[in-house]
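There are 2 protein chains.
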Amino acid sequence: MDEFQNLKSYKKLQELAKKNIDLTSEKISTQRISEFISQNCGFKFFYGLEKIDKEILNNLFELASDAKALDKMDAMQGGEVINYIEGHESDNRMVLHTALRDCFKDRRKEKNAIEASNLAYKEIEKLKKFIDRIDREGKFTDLIQIGIGGSILGPHAMNQALNVYRKKNRNVHFVSNVDPDDLVQTLRNVDLSKTLVVSVSKSGTTLETITNEEFIKKELHKKGLDPKEHLIAVTAKGSPMDNNNNYLEVFYIWDFVGGRFSPTSMVGGAALSFACGTDVYMKLLEGAHDMDKNALLKDMKNNLPLLAALLGIWNRNFLKYPSIAIIPYSSALFYFCYQIQQYDMESNGKSIDRKAKRVTFETGPVVFANIGTDAQHSFFQFLHQGTDITPIEFIGFKNSQYNEDITFKETTSQQKLLSNLFGQAIALAKGKKSKNPNKNFEGNRPSSILLADKLTPYALGALMSYYEHKAAFQGFIWGINSFDQEGVQLGKVLADQMMNLFAHKKENFPLGEAFLKECGML
Amino acid sequence: MDEFQNLKSYKKLQELAKKNIDLTSEKISTQRISEFISQNCGFKFFYGLEKIDKEILNNLFELASDAKALDKMDAMQGGEVINYIEGHESDNRMVLHTALRDCFKDRRKEKNAIEASNLAYKEIEKLKKFIDRIDREGKFTDLIQIGIGGSILGPHAMNQALNVYRKKNRNVHFVSNVDPDDLVQTLRNVDLSKTLVVSVSKSGTTLETITNEEFIKKELHKKGLDPKEHLIAVTAKGSPMDNNNNYLEVFYIWDFVGGRFSPTSMVGGAALSFACGTDVYMKLLEGAHDMDKNALLKDMKNNLPLLAALLGIWNRNFLKYPSIAIIPYSSALFYFCYQIQQYDMESNGKSIDRKAKRVTFETGPVVFANIGTDAQHSFFQFLHQGTDITPIEFIGFKNSQYNEDITFKETTSQQKLLSNLFGQAIALAKGKKSKNPNKNFEGNRPSSILLADKLTPYALGALMSYYEHKAAFQGFIWGINSFDQEGVQLGKVLADQMMNLFAHKKENFPLGEAFLKECGML
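Residue numbers (our numbering), protein chains in the order written: chain A, 178 to 699; chain B, 178 to 699.
Hints are computed from structural coordinates only; laboratory data are not their basis. Incorrect hints may have been included.
Each pair may be met inside one copy or between any two copies, as identical chains are not told apart.
What the hints assert, rightly or not - Each computed DSBU-like pair below joins lysine-lysine, with the alpha-carbon atoms no more than 30 Å apart:
(1) K683 to K612
(2) K185 to K316
(3) K204 to K478
(4) K586 to K669
(5) K395 to K345
(6) K575 to K195
(7) K345 to K371
(8) K195 to K497
(9) K245 to K586
(10) K460 to K282
Whenever a hint applies, use it, and build me the whole structure from the sequences.
Given below as structure tokens:
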């Protein structure tokens, strides 16, 4: 038995799962909606349509206590080494993305945490000066960020989400894939002479990024432009990219910030500040910081990321749902869907616990996401009438960003949007009986709703931190290490072997050879 | 017992599932790669890394025969009424999206099919004239398509996938969501005086689309422009939108084409032809048509959509995997991922069979998708080392679209891209033992690879038809109706009730009221 399954509250929760809370019943009343609400950082969290009751909720809080989830969050934010596997070679690092935004009130007191946040703040100051200079010189209208995974998803998501704050004549583009078409197409849309290029790779050796950087350098040279006047690096001190001779500016990141947790660093800060100004970036950091503090709250009911983590564990390990869907009712969060997916699936798609034992329970689920109402017209058929049940996390905002709207048939578009969000959540829970079996809705499909006033920089920062900490809390409770990603290594090794085949180098890789031969490529 | 489970081959396949084919074994050899290849329409399909052997494959073909899958495909393409549920009110329609492209050689002979393809071809001719006129007049540089679900996903995907064919000074934009920010942001990027607006709604009453159309009309009026000179409708004959007084042109669609199956009609043809010309559109139709013919092929091994459908059923019903991931290694297919998800989850996320009986087996799985290599850096950790197994469908192309590339470290970017595709498939199957449990890869995770020379209009058309027919074949074998979407209705009804609350109309909807009150919105 694994530690998670040995927690005192685990057995009790297994028993409670047999209760089978029925969301279609009369008991799912208006009173229940009001009872299961929590709030913090400008968000209101509704979970009255989850398959829980007070007893279950209290036992989930017990589970968090038994697993010392809050202590572990505190240790993380305090700079303890928590990215490790016992008794085996592992990253063996601190996990201090919270230090990236610990520059407001109530700063951490621990030496490691202070050092980290001082380092981070130094980069913020460097960035402010850099952006001031760029603004003053007025040379650049466009910025292309190259990077992949954590170096691009979050930054892309942030820029899309806050596009309403973008300055006139400032455009940002993101190129991630080693697919040459990705970059070529972007290059057609910019005037390179007016374009900054932010190249992001912690190691300074990421295949996709280095290749795309070389590609852009070639294009700059072709146009008689000096790459050094256009390129910015975001990388670790001492990496091959840490070289002021090659870059207009070098910003640092550190090994205590994992890729997917890095967008609040210069990884995301540089492009966002170029587009929207450093004030917007600072507001985003403030939102993230406040949610970091919220994640330490001992009043578990109003500790939003912890509460969300516990409901996720309830659905995954006790009700046995293998997937979750995340549906933000805001087009601005389209790319953020990918960021949430990464936070969760890269952090918790693991089979080994901290003691290097193969777990015998389910860890991170499949996470799929898309914005509403679009998703209603693609996969909601499955959510309502499929043979499997997928719990849903809805996200919404009371007000639109642009504050331009139309009243049509007595409601605004924003009201129609929210009507759909609430309507879907209620429909999934309550269902509807019909004599026509094909028009019958079994209901009893759980969901939660996270709602804020408006998608501001502050709200986005808080939302990013919320999903970071939700994943972290689940890892703490499952006893796994949510902060490494060893699972991506083997694919890289075999891709390298394939490249050797393409380059006609000696390589013992018969399966790879077979594919290339069958494709007529060898 | 349901029909599917009564098929003669079902029991045998249940037995065969116990074989537990081990992909990590030595038996997974180069010979096996060559043995399990099928091809058609310019695609090569590799399935040697699926958990099958010859016996299993033969029994899957038996399953298709037992279920009369090919006869049903033929009936569909011949215009029989197959969108129905026995003994209950249902759509009761033909399913003739194949008629939309039945304008090449070997046309269907059946009366219904001929009538349908004649109707479709009339619209194609109308479109050709219309585009000629637009080209001649040279007034329009931009096109905004408004629609949602089937009226936008496919068209958006087609235009992104074929962006390389786009004419200079022709831009297309897609607005779907009722979220007002979605449209407002798009309007900031166009000069309305040079913009065509294609409004797509079969019923002419789709909430999101009508609202956005009203919004655009208001903006046109503001700028002193006449909506009639800018708007095009794509709708059903007789719908509220079928009115030449309000539109520059009205194109027709019909009830024998479901929303998600409509992008090869004017729903997708208008925007694609505006951007890339009608030749590109016709090539796409030809690819789709050839794959339609392929779906009728009695040699099941080379009937690609049928083969893919059978492998999917093997994974879903016999190996019990609850989800699949689809990973095209081409940035141009980013939006197409959503289209594939819709084909599958909206078609087969059903619980009722054709005889209106609740099924007791699993139907359509969760489908999630993203392009490679990007997905490698987000959710591949889960695919390699998660506790659940998700089978994968890889898609790739030997050549890039723009044919601009860089050789870096002895390989081109396109070669790097393909190296990753093959490397991942092999890594997932074979795994790799390590003494460090955290660096251990259990492997034995199945996948298939669909490969073509290049993403051309023809290849895209074939790919669209492939996924349409894959979903249809699975529905035929499961005995469900893949062509309706009753599951989206209840959400609409409750959203309407919520709108009534917002509009302060009398409405008995206490749960909805509770949410709005708690949000301070009532």
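Hint compliance check: list the failing hint numbers for this structure, sorted ascending. Failing hints, ascending: 2, 6 and 9.
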